[in-house]
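Working from the sequences, and respecting the hints, build out all of it.
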Amino acid sequence: MSDLELRAVSRWYGNVVAVNDISMTIGPGVTGLLGPNGAGKSTLLHMMAGFLPPSSGTVTLDGEPTWRRPEIYRSIGLVPEREAAYEFLTAREFVVASAKLHRLPDPGKAAARALATVELTDAADRKLGGYSKGMRQRAKVASALVHDPTVLLLDEPFNGMDPRQRLHMMELLKEMAAAGRTVLFSSHILEEVEQLSDVVQVVVSGRLAASGDFREIRRLMTDRPHVFTIRSTNDRLLAAALMAAEHTSGVAIDDAGLRVQAADFGGFTHALASLARAHEIGLREVIPADESLESVFSYLVRR
Amino acid sequence: MNAVIANITLRALFGRRRVLLLALLPLILLGLAAAFRAGGGDDTDILLGRFGIAALLPLVALIVGTGVLGAELDDGTAVYLLATPTPRHVIIATKSVVAAAVTILFAAVPELLAGLIAFPDRGKLVAGYAIGAAAGSVVYVAIFVALSVATRRAMAVGLIYVLVWEGLLASFVSGIGVLSVQQYTLSFVRAIASAGDEVPATVSVVTAIPLAVIVVALAGWQATDRLRGYRISGEAG
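Here the protein sequences come in this chain order: Y and X.
Take the first sequence: its position 75, counting from 1, is numbered 740 in the numbering used here, and each next residue is one higher.
Take the second sequence: its position 67, counting from 1, is numbered 107 in the numbering used here, and each next residue is one higher.
No lab work stands behind these hints, which were simulated from the structure alone.
For each residue, glycine too, the CB sits at the ideal point set by N, CA and C.
It cannot be assumed that every hint is accurate.
To be verified - Chain Y is faced by these chain X residues, among others (derived, beta-carbon under 7 Å):
| no. | residue |
| --- | --- |
| 1 | G55 |
| 2 | D115 |
| 3 | V119 |
| 4 | A123 |
| 5 | T124 |
| 6 | P125 |
| 7 | T126 |
| 8 | H129 |
| 9 | G269 |
| 10 | R271 |
| 11 | I272 |
As the list claims (entries may be wrong) - With the Cβ distance kept under 8 Å, some of the chain Y side facing chain X (calculated, not the full set):
| no. | residue |
| --- | --- |
| 12 | W677 |
| 13 | H711 |
| 14 | L717 |
| 15 | P730 |
| 16 | P735 |
| 17 | E736 |
| 18 | A749 |
| 19 | A762 |
| 20 | K765 |
| 21 | L766 |
| 22 | S808 |
| 23 | R949 |
Structure (structure tokens):
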């Protein structure tokens, strides 16, 4: 059981602030580090992994700083985002090398176990250079967990994986968390985080925008005001009916149809259908206008 | 020394295209040696000193010394080595030993062969050049490994150092000789071969040995310290 703790951590490069005053504790279980590209996720992860010093604040693993301390890698496994690998090595050689560098008593056995965990046993004697992105990712994971670390840090681990590989990797991370390990992965895809993690840390523009239970954050996200574009058989009648309804905060009519500002997502989507039926209006198109992750994030930041 | 690191380093080094350049340089020296023999040339300093020690040795050491660790730091594969509890001085020592061995293979051994081809009756002098070049390899490599951890432009900085500092200043400004690896190397050659002015060295071997040891120790310490604080950068996100 290990805890990673960040206290008032900031990291800047010249005048650019990459991480701004973030405090968080990452404990056992799966934690998702969610944020758009460029939010500071990798910077945070590199600081946790001891590959970057914080400009201010402290990053500690079980109370000890991570920076300039190679000993932490006895407890940490890191899966970096960069795809580069020793292309001339087979996956088995790669993982055995990692096991030997960790001075494990039986490197061959440990490597075989790690390769089996990521389901690479059959392809283990092929060179990494000939691997697909997803397979290479799994080889990296095998190398990171060959020494059975208590903390596993993964930077965008699902990039380049097909849906089946993604599902398998998710299962794997869940199993590791169930065994009491601290698993942290970064992602810019909401659904990945939703499927996998109990706890979410949302980072936007270097700041911690939201933190805690995923369902709680999901509720915040869905309860926020939404804009819908709607086309119907009678736009004016629908506009009048919507304005009279509880969950609508504004309606505009233009050539494209209606632009409706909903006060809360859940209430509005439930009310819309029954409202249309009551007034005998046919709904031709209902499009949420601002569903992009960025708009969700910017809402969380403004909150 | 760490066998795993040494193995991966060698395989990475010989898997890169740079190795062709590495093979080309000694071939030029051997070609020149053959020409010397055919033409009856007897100036050992031009072939073994000015080409072998002043040009071939630092260039081979530069390619190898910046390649053993710098290339891995550049392409990001070094992370797999650094994300292990392996003490950083072990990594630097292993990389440096491998680099020195390869440099000896591609610079000192060709120096010996070239000497034997061109000057078959000057065995002692030729041996002096070869052993001197081997000792020089160790010092150059220590500097270039440290340089590759300190900057991403190690190749360019190293080339400027070889051409300007070692090539121009140290050869023509006598006071700088005490800070020149080329001059240390020549002083080793001179001492081993018990040669006189035939081997033009501006520092005495008594001065050169402790200075070379200090340079290697400082470079090793500096490289280890830098590697301990190695930062992953370049990725926004």
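**Asked** Can we keep the K765(Y) interface hint, with Cβ of chain X closer than 8 Å?
**Response** holds (5 Å)
**Item:** Hint check, A749(Y) versus chain X [nearest Cβ-Cβ separation less than 8 Å]
**Value:** This interface hint holds because 4 Å falls under the 8 Å limit.
**Request:** Return the status of the interface hint for R949(Y): holds when the least beta-carbon distance to chain X is below 8 Å, violated otherwise.
**Result:** violated (40 Å)
**Message:** Restraint: A762(Y) near chain X, CB-CB cut 8 Å. Satisfied or not?
**Reply:** Because about 5 Å separates A762(Y) from the closest Cβ in chain X, which is inside the 8 Å limit, the hint holds.
**Satisfaction of the P730(Y) interface hint, Cβ to chain X closer than 8 Å** = Result: violated, 12 Å to nearest chain X Cβ.
**Prompt:** Is the shortest C-beta separation between L717(Y) and chain X less than 8 Å?
**Reply:** holds (5 Å)
**Message:** Does the closest beta carbon of chain X sit nearer than 8 Å to the beta carbon of E736(Y)?
**Reply:** Hint holds; E736(Y) Cβ to chain X Cβ min 5 Å, cut 8 Å.
**Request:** Could you check if T126(X) really has its C-beta closer than 7 Å to a C-beta on chain Y?
**Result:** Nearest chain Y Cβ about 5 Å off; hint holds.
**Request:** Have a go at the H129(X) hint: is there a Cβ in chain Y nearer than 7 Å to its own Cβ?
**Result:** It is violated, given that the least Cβ distance between H129(X) and chain Y is near 10 Å, above 7 Å.
**Message:** Holds or violated: the hint that R271(X) contacts chain Y, with Cβ atoms closer than 7 Å.
**Reply:** This hint holds: R271(X) lies near chain Y, its Cβ roughly 5 Å from the closest one there, short of 7 Å.
**Prompt:** Once the shortest beta carbon distance from S808(Y) to chain X is found, is it less than 8 Å?
**Reply:** Where the cut-off is 8 Å and the nearest Cβ of chain X is about 6 Å from S808(Y), the hint holds.
**Request:** With chain X as the partner, please determine if H711(Y) meets the hint condition of a C-beta pair closer than 8 Å.
**Result:** holds (5 Å)
In summary, the numbered hints that this structure violates are 8, 12, 15 and 23.
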